[in-house]
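*Asks:* This is what each chain is made of:
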Amino acid sequence: MSTPKTGRGLTTLARWMLGAQWRSHRGRALVAMVTIALGVGLGYAVYLINGAAFNEFSAAARSLSGQADLQVRGAQPFMDEAIYPRLAMRVGVTAASPVLEVDVALPGKSTTLKVLGMDAFRARRMTPDLVSIPSSQAMLDVLADDALFLSPSAKAWLGAQDGAHVTLLGGTSPITLRVAGGILRARPGQRIGVMDIAAVQTHFHLQGKLSHVDLQLARGVDSDAFRQALQSELGTHLVVDAPSDVESRTDRLSRAYRINMNVLALMALFTGAFLVFATQAAGVVRQRAQLAMLRVLGMTRMDLVRQILLEGGLLGLGGGVLGIALGFMVAALALRVFGGDLGGGYFPGVEPRVAFEPIASAIFLLLGVGVALAGSLVPALEAAKAQPAPALKAGSEELALAPFGTPWPALACLVVGVALALVPPVNGVPVAGYGAMALLLVGAIALMPRLTAMVFRRASARRVARQGNVATMLALARLANAPGQASIAMGGVLSSFALIVAMAIMVASFRVSVEHWLAHLLSADIYGRVVQGGDAAGLRPDQQAQVAAVGGIAHVAFARVSRLTLDVAKPPVALIARELDAADPDATLQMTGNVLQPTSWHSGETPVWASEAMVDLYGYRLGQRLELPVGGRGERFVVAGIWRDYVRQTGALQMRVADYRRLTGDVSATDMSITLRPSTTATQVIHALKKLPFGDALEFSQPGEIRARTLTTFDRAFAVTYLLEAVAMVIGLFGVGATFSTQALARAHEFGMLRHVGVTVRQILAMIAAEAGWLTLLGIAMGCALGFAISLILVFVVNPQSFHWSISLHVPWAEIVMIGCAMLVSSCVTAVLAGHRAVSMDAVRAVREDW
Amino acid sequence: MRPAKPSASPSLECRGLSKHYGSGRVVLAGLDFVLGEGEFVAVMGDSGVGKSTLLHLIAGLDVADSGEVLIDGEPVLSLSDDDATRLRRQKLGFVFQAFHVLPHLTLYQNVAVPLLLNNLSPTPAHDMLAAVGLGGRGNDMPRELSGGELQRVAIARALVHRPRLILADEPTGNLDPQTAHEVLELLRAEIKATRAAAVMVTHSEAAAAFADRVLILSQGALHDRARKATAAR
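Protein chains in written order, with my numbering: chain V, 1 to 851; chain Z, 1001 to 1233.
Heads up, some of the hints might be wrong.
What the hints assert, rightly or not - FRET-style restraints, in silico, Cβ to Cβ:
hint, chain 1, residue 1, chain 2, residue 2, range
1, V, Pro390, Z, Glu1205, 54 to 62 angstroms
2, V, Lys393, Z, Gly1073, 28 to 36 angstroms
3, V, Val423, Z, Tyr1021, 46 to 54 angstroms
4, V, Cys821, Z, His1020, 37 to 45 angstroms
5, Z, Ala1189, V, Ala325, 52 to 60 angstroms
6, V, Thr11, Z, Ser1047, 41 to 49 angstroms
7, V, Arg23, Z, Pro1177, 49 to 57 angstroms
8, Z, His1020, V, Lys393, 49 to 57 angstroms
9, Z, Ala1189, V, Pro390, 50 to 58 angstroms
Claimed, not checked - Now the stretches of chain Z that chain V is said to cover, found in silico as 3 or more residues with beta-carbon under 8 angstroms:
hint, segment
10, 1059 to 1073
11, 1182 to 1193
No wet-lab data here; the hints were simulated from the structure. Just so you know, even glycine gets a beta-carbon here, dropped at the ideal spot from N, CA and C.
Build out the structure end to end from the sequences listed, making use of the hints.
*Replies:* Encoded structure:
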């Protein structure tokens, strides 16, 4: 048949209908938009904050290597300077610049200052940004052994102007230096100092040592080939870095944290999507006859789908635009108040600034629109599929939701979700774990109409048999016979409560595991360490002897903490040398399984105990034989056990301090665990230790303080999690409110009819409250079960895959019951408030209302 | 039975139309029916006999077991859903007992919907509103109208795009006798003015009296009562 092409006419009609929707349901549309805005805003803010901090941190790290094509470093923090002339004279190298980098403690400051010892003449070419700027009267200050050049941030931090003197701690000794000028270009917030390399070696007792040598290659030299050749020549004790490795290390250091933050933020967007779905589904149910009339008048199925998707898409667009603005403001505020890592501790020493990112903004905007479209799609398809003739009849609303009663898609989601939970991480990210959580959530929500019908049909049958009161009977009858409409409201309760339960169990499990771990670890009476001074700090043997001689001390176990680079693309692992009983390492460390007894070691092997992260990141296994860049070449090591470490997610190795000293010749100590004699107090001993000549360079803590400090840090790190969780809960309640409100208004006719037949307003409100209460109770019960399932994925899949440590399961029942009660009450109150408006409508008008 | 064929080119023709419900009850059993241009027919019958089903089949809103429906010679039942929708859009107008006026559009917008769906200018909606006695009230919302006025809007919407066939399902079922009389007068006048054919399903003898002829649906077939509406009037 010949038909005119649809064009401007349909456009006008679409515009009119959008206008009508907006005029008649402005509040509902605004709630949906605000919800999407919250989701998009949080996601965008977290992205901007992480991005700004990560980029600034990477840029600051890159600025330290300047124009270098390659960088040669020791696998341990320092290497012998004899390597420098060999590298400088190597064919293919046009310039080489030696650098000695130390993190130096300052009296009264809790963080360190990075001091770079450089050869001023070579650094000028290699790292021009870090060139020292002496005053014009003292150009030779660049070579002076008391001259320190500070970046603007370092000057501001220390409150030191040119010509002033500052005191640094070289190990345990104070060093006074003169601020001789500034640095040509430092990143905002970057706190660094530059000195002559020989002066750093002298002051910090690092004669003959270098941190790295920066290399520039001749034109035409294949950088990758050069690097490979050099690396194989240098062996594992020295590593050759490319500039891209800096970014890779920074990325790996914070990747799990950033991804988890983003996923948490996206949880809010997910609940927002569900709210759009609930809004649109309820709207489609309410407008079922109107949409059918449009079909009768000649609107095709596709036109109808387009119209409903257009409504959803516009909600998403509005919410997305609002969200982008909100996200930008939140990011700017959070960066100013909390810093770039939101208290996570991943990006120290940088001052990132939020910048508008067009591509990211477009992606988040599309995400908002996409989420809204996804939420609208199922209702749109249902509306298009509906037969117009039956849909025109009153009372056919439940038919609209009949497809949601089909259990198979839901069961398929659940099965695939469980299967995904067993999939290993992709590139170190638990993508499948997150997918499993999302599918379980979607599957459980989709299963709700079926479960609601089953539960309430049974309850309704019992109630009818017992002749209960009218409100109860009506409420149960509706829940049993209109499970689709009821389930839309319950989906909001289910999703938000499940997420809350899952997060609560995960956080409690983590916290209790950390508490147990601390209790296991903190067996000494006092813990001491050289004031944070990076690798340059350490107690000499004579100083260790003085500590051990202090009265009241029964035993001091000294330890040396250092770093080891095993893979240039990964952050260094911690090397902890301490007193360990090889036959019973569990007395000191929390072992996760069997240990290799000394009788199983081969002759000449040195045992090391690896943290769980070493298993995930480097594939270490119990009994594995390996080489490590510790001591001379050819030294053999064996993995004698795997232990739990909640501090270093990039990996740590423990070895006996005697083995470390034998292999490296390094007899210094950075940490100590002190056991007291009976009848001696910790305060007395700490007081005596502080009186030692180097006492100011030491800091001490008692187990209770360490425990409290650790748990405070833990809670602070999870503060953002709680915030995002609270937002998800508010969005969930928004959903409940919006859905109940829409349904109550749609039921005005039913309420009017009930009043005509003699049901009082109070009874109707009691019915609404009963419906909401039972529904929410079922939602909470199901949310609890679903949340528990998701928490298993979080605890046993996402957490180990993200942070490379295992935790044991603990359920905070009291907290869950409390939140459940709060949700139940808020849900009932929301429903009654929403219902009150519909019940307040004049009964005659309500019954006469056509739609 | 075969009601008289009033013209050589019928607006509507049903051939051997059959339909049964899921329960097995037969509602239409090989029904034949022809309606000429400008003809106004009332279909009466007991409740549940299949009157509304007949309208739905004619409009392509329901699927027949067998038979054919031709509108202006064009088969309806074999059309795809989209094509049937386009045919309804161009050639049919509907009036329902429950009015089904879109509550959040103004009266003008309601009447203009069929024009816009046909990609035509919405301007004639003003004239149509005036024709049904609601001139100057185009910006009113449906909630401001009485039942009779709402049905006038529905009639204006059914006729505004000059359809070939009007289908009216109990158009006065919700109205008082006086208003029903006015509405039916209007409907008949407009049908005659536009030369559309019309099928009106009704339980009301008074309403049926406005039709050119009255058919009784019984046992799946139509029987002609051969009554002239004009005489009654």
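*Asks:* Each hint: holds or not?
*Replies:* Tested hints:
For Pro390 (chain V) and Glu1205 (chain Z), the Cβ-Cβ distance of about 29 angstroms falls outside the hinted range of 54 to 62 angstroms, so the restraint is violated. Between Lys393 (chain V) and Gly1073 (chain Z) the Cβ separation comes to about 32 angstroms, which falls inside the hinted range of 28 to 36 angstroms. Separated by about 50 angstroms at the C-beta atoms, Val423 (chain V) and Tyr1021 (chain Z) satisfy the suggested range of 46 to 54 angstroms. One distance hint, 37 to 45 angstroms for the beta-carbon pair Cys821 (chain V) and His1020 (chain Z), is violated here, with the actual separation near 55 angstroms.
Checked against the given bound of 52 to 60 angstroms, the beta carbons of Ala1189 (chain Z) and Ala325 (chain V), roughly 58 angstroms apart, stay inside it. In this structure, Thr11 (chain V) and Ser1047 (chain Z) meet the distance hint of 41 to 49 angstroms, their C-beta atoms being roughly 43 angstroms apart. Evaluation of the 49 to 57 angstroms hint for Arg23 (chain V) and Pro1177 (chain Z) yields a failure: the beta carbon distance comes to about 36 angstroms. A beta carbon spacing of about 20 angstroms between His1020 (chain Z) and Lys393 (chain V) contradicts the range 49 to 57 angstroms that was offered as a hint.
Between Ala1189 (chain Z) and Pro390 (chain V) the C-beta distance comes to about 33 angstroms, which lies outside the given range of 50 to 58 angstroms. With a threshold of 8 angstroms between beta carbons, the proposed coverage of the segment 1059 to 1073 of chain Z by chain V holds, since 3 of its residues qualify and at least three are required. With a threshold of 8 angstroms between beta carbons, the proposed coverage of the segment 1182 to 1193 of chain Z by chain V is violated, since 0 of its residues qualify and at least three are required.
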